Amino acid sequence: MEISPIIRIEKLVKKFPMGKSEFTALNGIELIITRGEFAGLVGPSGSGKTTLLNIVGSLDVPSSGEAFVLGRSIGNLTTKEAARLRKENLGFIFQSYNLLAVYTVYENVEFPLLLLNYSASDRKKMVMDSLEWVGLADKIKSKPPQLSGGECQRVAIARAMVKKPSIVLADEPTANLDAANSHNILKTMVTLNRELKTTFLFATHDDKVISYLRRKIFLLDGNVDREEIKPN
Amino acid sequence: MSTGRKLNPINPVTMKLAIRLAYRNLIGAGLRTWLNVIVLSFSFVIIIFMKGVMIGWDNQAKTDMTNYEIGGGQYWYKTYDPFDPFSLTESHAPIPEEFKEEIASGEMEPFLIVPGTIYPQGRLQSIVIKGINPRQTLFLLPSHKLDTITEAIPAIIGSLMAKTIKASAGDQLTIRWRDVNGTFDAGDIVITEIFSTNVPAVESGQIYVPLEKLQSMMMMPGEATIMTFRDSEKNRPAVDGWTVKNKAELTASVDKMIKTKSAGQTILYAILLLLAMLAIFDTQVLSIFRRQKEIGTYIALGYTRQQVVGLFTVEGTMHAVLAALLSAAYGLPFLAWMAKNGWTMPIDTSEFGMAIAQTLYPIYSIGLIISTVLILTTVTAIVSYWPSRRIAKMNPTDALRGKLQ
Numbered sequence: 003m004e005i006s007p008i009i010r011i012e013k014l015v016k017k018f019p020m021g022k023s024e025f026t027a028l029n030g031i032e033l034i035i036t037r038g039e040f041a042g043l044v045g046p047s048g049s050g051k052t053t054l055l056n057i058v059g060s061l062d063v064p065s066s067g068e069a070f071v072l073g074r075s076i077g078n079l080t081t082k083e084a085a086r087l088r089k090e091n092l093g094f095i096f097q098s099y100n101l102l103a104v105y106t107v108y109e110n111v112e113f114p115l116l117l118l119n120y121s122a123s124d125r126k127k128m129v130m131d132s133l134e135w136v137g138l139a140d141k142i143k144s145k146p147p148q149l150s151g152g153e154c155q156r157v158a159i160a161r162a163m164v165k166k167p168s169i170v171l172a173d174e175p176t177a178n179l180d181a182a183n184s185h186n187i188l189k190t191m192v193t194l195n196r197e198l199k200t201t202f203l204f205a206t207h208d209d210k211v212i213s214y215l216r217r218k219i220f221l222l223d224g225n226v227d228r229e230e231i232k233p234n
Numbered sequence: 052m053s054t055g056r057k058l059n060p061i062n063p064v065t066m067k068l069a070i071r072l073a074y075r076n077l078i079g080a081g082l083r084t085w086l087n088v089i090v091l092s093f094s095f096v097i098i099i100f101m102k103g104v105m106i107g108w109d110n111q112a113k114t115d116m117t118n119y120e121i122g123g124g125q126y127w128y129k130t131y132d133p134f135d136p137f138s139l140t141e142s143h144a145p146i147p148e149e150f151k152e153e154i155a156s157g158e159m160e161p162f163l164i165v166p167g168t169i170y171p172q173g174r175l176q177s178i179v180i181k182g183i184n185p186r187q188t189l190f191l192l193p194s195h196k197l198d199t200i201t202e203a204i205p206a207i208i209g210s211l212m213a214k215t216i217k218a219s220a221g222d223q224l225t226i227r228w229r230d231v232n233g234t235f236d237a238g239d240i241v242i243t244e245i246f247s248t249n250v251p252a253v254e255s256g257q258i259y260v261p262l263e264k265l266q267s268m269m270m271m272p273g274e275a276t277i278m279t280f281r282d283s284e285k286n287r288p289a290v291d292g293w294t295v296k297n298k299a300e301l302t303a304s305v306d307k308m309i310k311t312k313s314a315g316q317t318i319l320y321a322i323l324l325l326l327a328m329l330a331i332f333d334t335q336v337l338s339i340f341r342r343q344k345e346i347g348t349y350i351a352l353g354y355t356r357q358q359v360v361g362l363f364t365v366e367g368t369m370h371a372v373l374a375a376l377l378s379a380a381y382g383l384p385f386l387a388w389m390a391k392n393g394w395t396m397p398i399d400t401s402e403f404g405m406a407i408a409q410t411l412y413p414i415y416s417i418g419l420i421i422s423t424v425l426i427l428t429t430v431t432a433i434v435s436y437w438p439s440r441r442i443a444k445m446n447p448t449d450a451l452r453g454k455l456q
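Going down the list, the sequences are from chains A and B. Residue numbering for the first sequence follows my numbering, starting at 3 and increasing by one per position. Residue numbering for the second sequence follows my numbering, starting at 52 and increasing by one per position.
Same shape as in the complex, but just chain A (with noise of 0.2 Å):
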């Protein structure tokens, strides 16, 4: 594994208006996160784990402070520069999977790929891949309605992985996943960091992810708590 901080997080202050006054979501978080790590951040609801998430993934930006994706700071992208770097480098995956509802399995995955201009030719050899690493190749006519929950986010995965992003962000994966899906859903995520080297971000707390992050950031009222290392 590379040391070279992919994700470096500095003074990170976000901050929501309520009504007349703020609520104050991150407080001064300090974070680095190497390429290929496999971590997550851990906390009660209300902790900070999405908004934190939400800016890394240039969503969302910091009210004060640092976030460096990739060696860029997201608070002063622009918003081209920062749809470019969620198109180019950065994969998501939803709690809810947020699959496109009229498109197929096949279509799904492609998208992303359209976005990049790909040739067909290279679209349909990256899907295939992307679908044969999340067991899906043989359901890339169905539409995700006629998809179990557990499939849906394995659609989900493959969409995030298939233009092999530098960092994929998970936000709570397994929340709607049975326990035996959950774990195939996390085993083939910690496959795909280990063969492609890809980091994962995880915003979770639950325990079943929890057992599986390499890297445990524990946020309590916007700040890291504490941090856990599951040693190799």
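Calculated directly from the structure, the hints in this document are not laboratory data. Each hint should be verified, as a subset may be incorrect.
Claimed, not checked - DSS-like mimics (lysine-lysine), calculated; alpha carbons at most 30 Å apart, straight line:
| no. | chain 1 | residue 1 | chain 2 | residue 2 |
| --- | --- | --- | --- | --- |
| 1 | B | K298 | B | K391 |
| 2 | B | K344 | A | K218 |
| 3 | B | K264 | B | K298 |
| 4 | B | K444 | A | K22 |
| 5 | B | K264 | B | K129 |
| 6 | B | K344 | A | K210 |
| 7 | A | K189 | B | K298 |
| 8 | B | K67 | A | K141 |
| 9 | B | K344 | A | K82 |
| 10 | B | K67 | A | K126 |
| 11 | A | K145 | B | K264 |
| 12 | A | K166 | B | K67 |
| 13 | B | K129 | B | K285 |
| 14 | B | K151 | B | K113 |
To be verified - Computed list of chain B residues with no C-beta within reach of chain A, every gap over 12 Å:
| no. | residue |
| --- | --- |
| 15 | T65 |
| 16 | Q187 |
| 17 | E244 |
| 18 | Y354 |
| 19 | T428 |
| 20 | N446 |
Keep in mind the model is a prediction, meaning the values are calculated, not measured. All residues carry an ideal CB built from backbone N, CA and C; glycine is no exception.
For chain A, the structure is supplied; the task is to place chain B on it using the hints.
Just chain B now, kept in the frame of chain A:
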């Protein structure tokens, strides 16, 4: 890590992708899409049809006027005013020498127009008596029916006039007139033909008698009130005492009437468009509200908010494209059938008082179809864009969670 090229909102690749996605989303939306498309396609077909009817009417009215009333243009004696019957007594003059060659060749026809009175079934009715050359070929009027030898004065009348005075072919009626010296005289006419046209101005309240006979009755030999020429393209010199009226001037009333009718129709088009646009606007608003997570997902996958606005605008605009295709499927056969068989008015048009046929044949041009499609598509695009602008203000993280109200 990726080898993909940069995309921007107006990049053809982005547009192609937006069209592809929009098409998928629309088809995926099922009945909602098709209801909007059907309403919009009705607008397409009805607007093209109604405009076609107007063009057809305009064309038919002008053709009928040319064939029955105005030819290629006219010279009016300076005091002649068709809307002032009292001017008729004074509106006559010897036919100028300049016209005689054209008259001899049949390229110009003189009319003598005088006021008179007819007595159908003992009633009295004011009429206009028109003297016409029985051998003329400039008009489609059956003037040859005047070329007969009868004891009474031969006369032809329009069906509208026949209806008014309850006369049939072969009937004899008394007419009275006042000659150039102011002396009243009377005589019988025999109706040798009743003709039918779509031009009320040549039918209502008038009878046609042989020109020379009328000149003799009026003691106005060689005189006329108006001169109608065949060739509308020829440059017409000014003739002392006579005013030249070209075709455009003589059909200006038709243009005004069509313009008035078109203005009325515009309200109908506006209502049709409003209904269709309301449906699309509602669909867009509902779509944006219901598809917040999808919008958030697009942004997470690398779209800018402006690109998502573009996607939704294309999606809304595609209603018009689908509507145009649907309209082509059922509308083109319908429009072609109507153009061939015409649209027959449910009520008698002869009493409308305007040049209108009982059956109107719509005329559609490529320009009419293209302009209608372009206008409707543009309006649809604007209506689709309007609510989609809201996406540009969305917070992607809230959109992803579907939290926006």
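Is the straight-line distance between the alpha-carbon of B/K444 and that of A/K22 30 Å or less?
Roughly 21 Å between the alpha carbons, so the hint for B/K444 and A/K22 holds.
Given the hinted pair B/K264 and B/K129, is their Cα-Cα distance within 30 Å?
Cα-Cα ~24 Å, so holds.
Restraint check for A/K189 with B/K298, where alpha carbons must lie at most 30 Å apart
violated, 88 Å
Is the straight-line distance between the alpha-carbon of B/K344 and that of A/K82 30 Å or less?
holds, 20 Å
Can you confirm whether the C-alpha distance between B/K264 and B/K298 stays at or below 30 Å?
holds, 29 Å
Given the hinted pair B/K344 and A/K218, is their Cα-Cα distance within 30 Å?
holds, 28 Å
Agreement of A/K166 and B/K67 with the hint, judged by alpha carbon distance not exceeding 30 Å
Measuring from Cα to Cα gives roughly 24 Å; hence the hint holds.
Minimum Cβ distance from B/E244 to chain A greater than 12 Å, as the annotation requires:
holds, 71 Å
Compare the distance between the alpha carbons of B/K151 and B/K113 with 30 Å, and conclude whether the hinted pair is satisfied.
holds, 27 Å
Holds or violated: B/K298 to B/K391, with C-alpha atoms at most 30 Å apart
holds, 28 Å
Examine each Cβ of chain A, and state whether all of them lie more than 12 Å from the Cβ of B/T65.
violated, 9 Å
Interface-negative label, B/Q187 against chain A, beta-carbon threshold 12 Å
It holds; B/Q187 is separated from chain A by about 72 Å at its closest Cβ, greater than 12 Å.
Checked against the numbered hints given earlier, this structure breaks hints 7, 11, 15, 18 and 20; the rest are met.
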